[in-house]
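Protein chains in written order, with this note's numbering: chain P, 1 to 513; chain L, 1 to 248; chain Y, 1 to 258.
Every clue listed holds true.
A few chain Y residues facing chain P, derived, Cβ under 10 Å: (1) K46; (2) A96; (3) T159; (4) M190; (5) D197; (6) L202.
No lab work stands behind these hints: they were computed from the structure.
Ideal placement from N, C-alpha and C gives every residue a C-beta, glycine not left out.
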Amino acid sequence: MKKDTLKLSPEAKVGLFVLLGLIVLVYMAFRLGGIRFGRGSEYTLTVDFDSADSLDRGASVRVAGVEVGKVREIDLRNNRAHLVLRINHGVRIGRDFTAALTAKGLLGEKYLELIPGSPNAPPLKNGEAITRTATYVDMDKLMTTLNDVAVDVKGISESLNKVLGGPAGEQTIRNIVTNIEEISDRVNHMISQNDERVGHIMSNLDEFTALLKTQGPVITEDLRATLKNLNDSMAKTSDNLNQMISENRSGLKEGIENLKVASIKMQEAMAAIDKMTNVIGPGVASTVNSVNSIATKIDKGEGTLGKLVNDPDLHDKLDKTITGINDYIEKKESFRTFIGYRGEYLYDRRNTKSYFSLRIQPESDKYYLLEVVDDPNGKLNRTTTTDVVGGVTTTTQQTQITDALKFSAEIAKRIRMVTLRGGIIESTGGAGMDINMLGDRLKLSLDAFDFTREAHPHLKTWATFYVSKYFFLDAGYDNFVNKDLRSGFFGLGFQFDDEDLKYLLSSAPPVAL
Amino acid sequence: MIKIIDLKKSFQGRDVLDGVNLTIEKGKITVIIGRSGEGKSVLIKHIIGLMKPDSGRILIDGDDMTALRERELNEVRKRFGMLFQGAALFDSMTVAENIGFPLVEHTNLDDEEVLKIVGEKLRRVGLEGVESLMPAQLSGGMKKRVGLARAIVMDPEIVLFDEPTSELDPVMSDSIADLVLETQQALHTTYAVITHDITLAYKIADRIAMLHGGRIIEEGSVEEMKSNENPIVRQFLEGRAQGPLKAY
Amino acid sequence: MIMKFLEAVGRRADGVVNATGSMAIMLGQAVMFAFVPPVKLRNIFKQMSFVGVESVYVVILTGTFTGMVLALQSFNALKRFGAESLVSPTVALSMARELGPVLTGLMVTGRAGSAMATELGTMRLTEQIDALVTMAVNPVRYLVTPRVIAGVTMFPLLTIIADFSGVVGGYVVGVKFLGINSAVYTGRIMDFVTVHDIFYGLKKSLVFGVITATVACFHGFYAKGGAEGVGRAATGSVVMGSILILMSDYLLSSLMTY
Numbered sequence: 001m002k003k004d005t006l007k008l009s010p011e012a013k014v015g016l017f018v019l020l021g022l023i024v025l026v027y028m029a030f031r032l033g034g035i036r037f038g039r040g041s042e043y044t045l046t047v048d049f050d051s052a053d054s055l056d057r058g059a060s061v062r063v064a065g066v067e068v069g070k071v072r073e074i075d076l077r078n079n080r081a082h083l084v085l086r087i088n089h090g091v092r093i094g095r096d097f098t099a100a101l102t103a104k105g106l107l108g109e110k111y112l113e114l115i116p117g118s119p120n121a122p123p124l125k126n127g128e129a130i131t132r133t134a135t136y137v138d139m140d141k142l143m144t145t146l147n148d149v150a151v152d153v154k155g156i157s158e159s160l161n162k163v164l165g166g167p168a169g170e171q172t173i174r175n176i177v178t179n180i181e182e183i184s185d186r187v188n189h190m191i192s193q194n195d196e197r198v199g200h201i202m203s204n205l206d207e208f209t210a211l212l213k214t215q216g217p218v219i220t221e222d223l224r225a226t227l228k229n230l231n232d233s234m235a236k237t238s239d240n241l242n243q244m245i246s247e248n249r250s251g252l253k254e255g256i257e258n259l260k261v262a263s264i265k266m267q268e269a270m271a272a273i274d275k276m277t278n279v280i281g282p283g284v285a286s287t288v289n290s291v292n293s294i295a296t297k298i299d300k301g302e303g304t305l306g307k308l309v310n311d312p313d314l315h316d317k318l319d320k321t322i323t324g325i326n327d328y329i330e331k332k333e334s335f336r337t338f339i340g341y342r343g344e345y346l347y348d349r350r351n352t353k354s355y356f357s358l359r360i361q362p363e364s365d366k367y368y369l370l371e372v373v374d375d376p377n378g379k380l381n382r383t384t385t386t387d388v389v390g391g392v393t394t395t396t397q398q399t400q401i402t403d404a405l406k407f408s409a410e411i412a413k414r415i416r417m418v419t420l421r422g423g424i425i426e427s428t429g430g431a432g433m434d435i436n437m438l439g440d441r442l443k444l445s446l447d448a449f450d451f452t453r454e455a456h457p458h459l460k461t462w463a464t465f466y467v468s469k470y471f472f473l474d475a476g477y478d479n480f481v482n483k484d485l486r487s488g489f490f491g492l493g494f495q496f497d498d499e500d501l502k503y504l505l506s507s508a509p510p511v512a513l
Numbered sequence: 001m002i003k004i005i006d007l008k009k010s011f012q013g014r015d016v017l018d019g020v021n022l023t024i025e026k027g028k029i030t031v032i033i034g035r036s037g038e039g040k041s042v043l044i045k046h047i048i049g050l051m052k053p054d055s056g057r058i059l060i061d062g063d064d065m066t067a068l069r070e071r072e073l074n075e076v077r078k079r080f081g082m083l084f085q086g087a088a089l090f091d092s093m094t095v096a097e098n099i100g101f102p103l104v105e106h107t108n109l110d111d112e113e114v115l116k117i118v119g120e121k122l123r124r125v126g127l128e129g130v131e132s133l134m135p136a137q138l139s140g141g142m143k144k145r146v147g148l149a150r151a152i153v154m155d156p157e158i159v160l161f162d163e164p165t166s167e168l169d170p171v172m173s174d175s176i177a178d179l180v181l182e183t184q185q186a187l188h189t190t191y192a193v194i195t196h197d198i199t200l201a202y203k204i205a206d207r208i209a210m211l212h213g214g215r216i217i218e219e220g221s222v223e224e225m226k227s228n229e230n231p232i233v234r235q236f237l238e239g240r241a242q243g244p245l246k247a248y
Numbered sequence: 001m002i003m004k005f006l007e008a009v010g011r012r013a014d015g016v017v018n019a020t021g022s023m024a025i026m027l028g029q030a031v032m033f034a035f036v037p038p039v040k041l042r043n044i045f046k047q048m049s050f051v052g053v054e055s056v057y058v059v060i061l062t063g064t065f066t067g068m069v070l071a072l073q074s075f076n077a078l079k080r081f082g083a084e085s086l087v088s089p090t091v092a093l094s095m096a097r098e099l100g101p102v103l104t105g106l107m108v109t110g111r112a113g114s115a116m117a118t119e120l121g122t123m124r125l126t127e128q129i130d131a132l133v134t135m136a137v138n139p140v141r142y143l144v145t146p147r148v149i150a151g152v153t154m155f156p157l158l159t160i161i162a163d164f165s166g167v168v169g170g171y172v173v174g175v176k177f178l179g180i181n182s183a184v185y186t187g188r189i190m191d192f193v194t195v196h197d198i199f200y201g202l203k204k205s206l207v208f209g210v211i212t213a214t215v216a217c218f219h220g221f222y223a224k225g226g227a228e229g230v231g232r233a234a235t236g237s238v239v240m241g242s243i244l245i246l247m248s249d250y251l252l253s254s255l256m257t258y
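I would like the entire structure built from these sequences, with the hints used as guidance.
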């Protein structure tokens, strides 16, 4: 045909463009993960801390350094920080896990580490609390500890002072001296009364002295060694103490130094930002604005959602829904038959095309599709009449389009989100493809068939949205490469499987609960 | 029949129409003549409801155009066709789409039927095989013809012409005049033509009315106007620079 | 002297109020006609193609280079804190919430808005709009409604594309030129940017679409004074459209806290 059929019509261009835009949007939405289908894929836990320690909402929750969730909310409860955590589905947090506030590096962002306990502990369920908490040593903690040590040392020296100094101490020492005086008095008295014995003792003493004389050096040596040992250990201890103190001092110094450097850098940065602001001028105002709202957003986190998830009612409902979906999926495994109908209104041609379909699905990823199609544009008759009037020849080409019944028989195989179909489409050979998205609620389809026509093949693209399990809406563009036959369409339809039919056809359907 | 009663319109304090009284008879060609800037176009735009008068009435078969609401006005407009000075063809559409436009908008005819009628009307205005051309590819005379074809495509009862021969050479002007006559005689439609082309007026008019100073000063058949003694009419019809009308 | 000045101010204000009112009425009518059949899909698609499809290249270019420059500038600033990893959220958030919609709005106003104003202005001055009226076709329904619909539907789509190309542009500069780890680049975006940020920008772009289409149609529709008038209509539509976009951006930002 003419070349203009190859040129895309505005409708086709817009269609392509819209599709492109939506694909990009859906891609980004999925990557950013804000939209999740089936919200049951997460659960919440709570944990209380004495101090949230400048932890931010949205901070990550990690087990063994691997992110398993986020901090959803931080509230004050009984003067303690109450954290609500959102944990990814499938991550088991045991009852004896310990929650610890920690940070990535010195200035890094704060996060919550969950430290595993014994492997046999039962897992925490949705809404339960982690009871064990700890705080990791970081720079802040180190400072605090050092402070505590200093306080202890001070305490010891104070009590020593109390014991030795002051009037009480003096009294004690005086008592000791008095006691010694008494003892020497008694010794004197004993000696005067027992001269003889003293003589004996003296001779014994002599003997002892003689012994001492011979054995003396050995004993002295021993004594000296002992004393030296004592001395050494004392020195070592004091060294250790010294070292500890000096180390800490350099650490402290470094910390302060770091702070200084950071503040200088901060000043530089502010100056640079100032300069930038002046240069770029008002353009930055909007950026600042958005940065502001970013900050607000980060502050708020996903608060509303958090509340929603916290709502026990909603949980129950979600649980039920999930169970329902599970049941549904399980059912899907088995052999199923679907009966369906859909009608499409072709608005450029102002008529309606109907499809009755029977889908036999032996396995969840494979089905056979049989369709009867009532196509108002089914038959195309071209008649050419030539008139000769007064020597002028006029050729009229008439195109007649009539209604026709057609049949489709396709075999389809599903690979992940893509379903490939092939076989007979509307009584001619053809193939098609479906892309299932949003958990099978949205289906984008492209069919190509009727390659035998003198015109271009019949191409049809459309999107189907499942409003419920049974009903769907669709819209698309039919036969868009054939200029005289193309038309946009929209339509609706329904499908029931054998189970539904049994249910529908049973004589006394149970009243909805 | 169109009856214009005491029609007044002023723009920024200037009275352009100052009490126009005129009757345009059914099945006749009425030519309204007058100098440029005398408000001929303003008058014709009032007839089809493009402008609202300050006061006065326009009766189309007894219906007062000035009192109608937009929806009712549109119903009346469907009985009209209008050929604009510059033909006012839609630049973005082909000739066929231009002519078929009113049909597509107001009837349920399918594309083939529309094309058939378009071909018919084109033949009536003496053109053939130009359906797929764009307006920019047409000459001035062809544009006018296409404009006329569009004006009569709905088989209107009344057709208004705004300077049908402006910017055309005399030969082309004469052929357009013939065309106006032919189409009018074929259908006995009511035609109202505004022009300052005296040759055209003499050739096609059943009646001639002269607009001057915001009023119709003289009115009559071609013969009556030719023998009219009013010095203004005389000067205008004879095309003289000297006289009561000032050329400035 | 003072009286004259006051009169001038008064006339000016009167003009602004009049223009705003006429524009609002035109928009109101256009919206009404969008829901009252018959709706001509063909015209709408034509305008969508013109506003949307044909602006894609401009928007991709604008988005890409904006993303690139954002990456470069924020890298230099953030390097001082050793926070280079925050380049990608800066780019992505700025694009999604602010620059994507605003730059798309400004570029498309410049490209499509001026063309719309020129087209309608020409139609006005060659009596094509009058011709529509005489053929009992409402010109607002026929000319303005499709353009407003095209603006409302196409601006968000163009904004999505601008957002995406901005992030890609930032990726090229950040990862390929400045050596940020590519996993960090994408990962940090996911940490900081949510779908709400994108929708936040898309909501803005909806409004910008309405503004651009309405302003352009208004200027074209009421063009007068020959070829020069058409030129004035085009310039006026771009200037007014851009100003209104920036003003409404501030307003929307202050109203939509999230």
